[in-house]
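Two chains, two separate frames, one set of hints: put the complex together.
The residues making up each chain are set out below.
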Amino acid sequence: MHELGIASSVLQAVKTEAARHAGTRPSKVGIRIGELAAIDQDSLRFCFDAITRETEFESLQLEIELCPRRHRCCDCAHEFVVQDYNFRCPQCASLDTQCISGDELELAFLEVEEYGTCTAGTKSTE
Amino acid sequence: MERVPLEQKVLSENDRVAAKLREKFQAHGIFCLNLISSPGSGKTSLLERTLESFSPRERVAVLTGDIQTENDAIRLRRFHFPVKQITTGGTCHLDARMIEKHLADWRLEDIDLLLIENVGNLVCPSSYDLGETAKVVVLSVPEGEDKPLKYPSIFFKSDLLVLNKIDLLPYVPFDIHAAADNARRIHPGIEIVKVSCLNRSGLHEWLMWLEQKRRAAKVVHQAVS
Numbered sequence: 001m002h003e004l005g006i007a008s009s010v011l012q013a014v015k016t017e018a019a020r021h022a023g024t025r026p027s028k029v030g031i032r033i034g035e036l037a038a039i040d041q042d043s044l045r046f047c048f049d050a051i052t053r054e055t056e057f058e059s060l061q062l063e064i065e066l067c068p069r070r071h072r073c074c075d076c077a078h079e080f081v082v083q084d085y086n087f088r089c090p091q092c093a094s095l096d097t098q099c100i101s102g103d104e105l106e107l108a109f110l111e112v113e114e115y116g117t118c119t120a121g122t123k124s125t126e
Numbered sequence: 001m002e003r004v005p006l007e008q009k010v011l012s013e014n015d016r017v018a019a020k021l022r023e024k025f026q027a028h029g030i031f032c033l034n035l036i037s038s039p040g041s042g043k044t045s046l047l048e049r050t051l052e053s054f055s056p057r058e059r060v061a062v063l064t065g066d067i068q069t070e071n072d073a074i075r076l077r078r079f080h081f082p083v084k085q086i087t088t089g090g091t092c093h094l095d096a097r098m099i100e101k102h103l104a105d106w107r108l109e110d111i112d113l114l115l116i117e118n119v120g121n122l123v124c125p126s127s128y129d130l131g132e133t134a135k136v137v138v139l140s141v142p143e144g145e146d147k148p149l150k151y152p153s154i155f156f157k158s159d160l161l162v163l164n165k166i167d168l169l170p171y172v173p174f175d176i177h178a179a180a181d182n183a184r185r186i187h188p189g190i191e192i193v194k195v196s197c198l199n200r201s202g203l204h205e206w207l208m209w210l211e212q213k214r215r216a217a218k219v220v221h222q223a224v225s
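Listed in order, the protein sequences are those of chains A and B. Residue numbers for the first sequence follow my numbering, beginning at 1 and rising by one. Residue numbers for the second sequence follow my numbering, beginning at 1 and rising by one.
Chain B on its own, in the form it takes in the complex (with noise of 0.2 Å):
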């Protein structure tokens, strides 16, 4: 019997494909959101949300991820930007290989916000790197403040925690300082935006992050160029 060391990734064909965007993004000086959460969260309003804030100028793309449907992409074309549904036919997760498919008839030339939302699911994304420049987790108010301790892989993966459906923190037991604990418990570091899809609320400090985020990805690139 003969032990032969492996030592690689086990997606280690998705981290690949993953790199490779990934260098493509840095090269065309690409911010590139993943954005997670459990279904109903509120991605796809607070997607919504984003896309009406924007001058029709500005150059925005999205890719939504589910596994049945053309709902949320019907949903986000009313904005004007380009918008591909990517319907997995019963895959929980995106992965690489599908963001570089549905990229390939795009002129990235022409993209410097790429804002990728995942399939509904706080697991299994959580595994998939897709060549994002970060992962945002969105968690809302009625899902319960111990989310982080239960699903803490992609809290712990995520720069940024959106919490959502503030305007309901009068009519549901939620402590929205214990949620903003466990997550920081789950990664010390994250930071955390507390917005209101319905009534707008928050919605400022969120596109406050995007944008500063976008520029740094754009000095990052200036810089190699």
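So here's chain A without its partners, still in its complex pose (with noise of 0.2 Å):
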């Protein structure tokens, strides 16, 4: 439910960051969501969707990359993927393992595009 604040978060991100890029429009925004940052990415796509609608904003296209929970052995610094709540270090076996990642919420990168430069979907003039 907090998904649509979320999303007008990631778009005054966008809207910052475009106004130190003059003569470009944001094309892309990526953002990194962590699976236990408890947010819904289709909710998340359907409130961003929503605000960005007969907006400046409509083409400006969302890029989620989910991100694991990650765990690092405190006995031989493996890192690895957890999985199932799984938090043995694969490689050693011990269970003193700490969690290094897996609630991200950020923002990753905007692309811009020069004013006049064709969209996806035309023709490229690159």
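Note that these hints are calculated values from the structure, not bench results. Don't take every hint at face value.
In silico DSBU-like links for lysine-lysine, alpha-carbon gap of 35 Å or less [what the hints assert, rightly or not]:
(1) Lys20(B) / Lys15(A)
(2) Lys9(B) / Lys24(B)
(3) Lys150(B) / Lys84(B)
(4) Lys194(B) / Lys150(B)
(5) Lys9(B) / Lys150(B)
(6) Lys101(B) / Lys84(B)
(7) Lys101(B) / Lys15(A)
(8) Lys9(B) / Lys28(A)
(9) Lys9(B) / Lys84(B)
(10) Lys24(B) / Lys84(B)
(11) Lys24(B) / Lys15(A)
(12) Lys15(A) / Lys9(B)
(13) Lys28(A) / Lys20(B)
(14) Lys101(B) / Lys194(B)
(15) Lys28(A) / Lys150(B)
(16) Lys84(B) / Lys20(B)
Quick look at the structure:
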């Protein structure tokens, strides 16, 4: 239900960043969402479409990278993806492992195009 | 086409305000709790039992969030500590700005324990940092022991799990060991206390935990000041 707020924050960040790139328009924004971030990506896409529709950001694409939960072993420093809540280190079998990622809710990148450049789906000038 | 790296939190504005609040809390030696659960798990009841255990000299204040009504604040004001209701008017969580706004006319010098009761919701509040020292998640017996697996985020981010309504254990199929195991599968280091706000069992452990954390916050405060 809070995905609308998240979508608004993403759009706000796009506007702020886009203002720094005169003569361009933002075409794609990339975000990272961890599996522990409690964000539903379908709901986020729905909200993002709703708030950009019939605005200058209508053609702005949203790219979502889903990030799994990762742990680092405190004994052998091996890093691994946690599946099915199994926190045991696959390399040395230690149970002393720490979560190092998986709760991301981050902006990764913004792609901007110069005005006049053809957009995706049309003939490229490049 | 040019790709610009952004590398910032989506909620960076909320996080900025939360960091400011956290700094203020630390500067004043305030231990701040963000209490989160589904609606009806007993957050307000836990606060009632907590406030009634304090002597009137305790420097405690409460912010309580709901979508509508002043009902919770009315319940909590009976104990004569400062209480403010935050009605979000539809928003399903509290955010750092709401906390900042509602604290504006309180003297932080007069507080060393700030209890924030979030809007009843196991999902959204977990994304919004309020500047708290710790998050506490409340799970009640009738909700079922698989809640931690269904809503991992908040169990992952909480320091303490309060298992409430244990007086109902004889009447409902709830495996309390499975509930604790599930919470530890998500967050191996999570602490757990089992309480009943109705018959008051287990409340001593909860109050001990609170007291310990409060003292620790004070020690940090004295060490830096």
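| task | Enumerate the violated hints, using their earlier numbering and listing them in ascending order. | result | none
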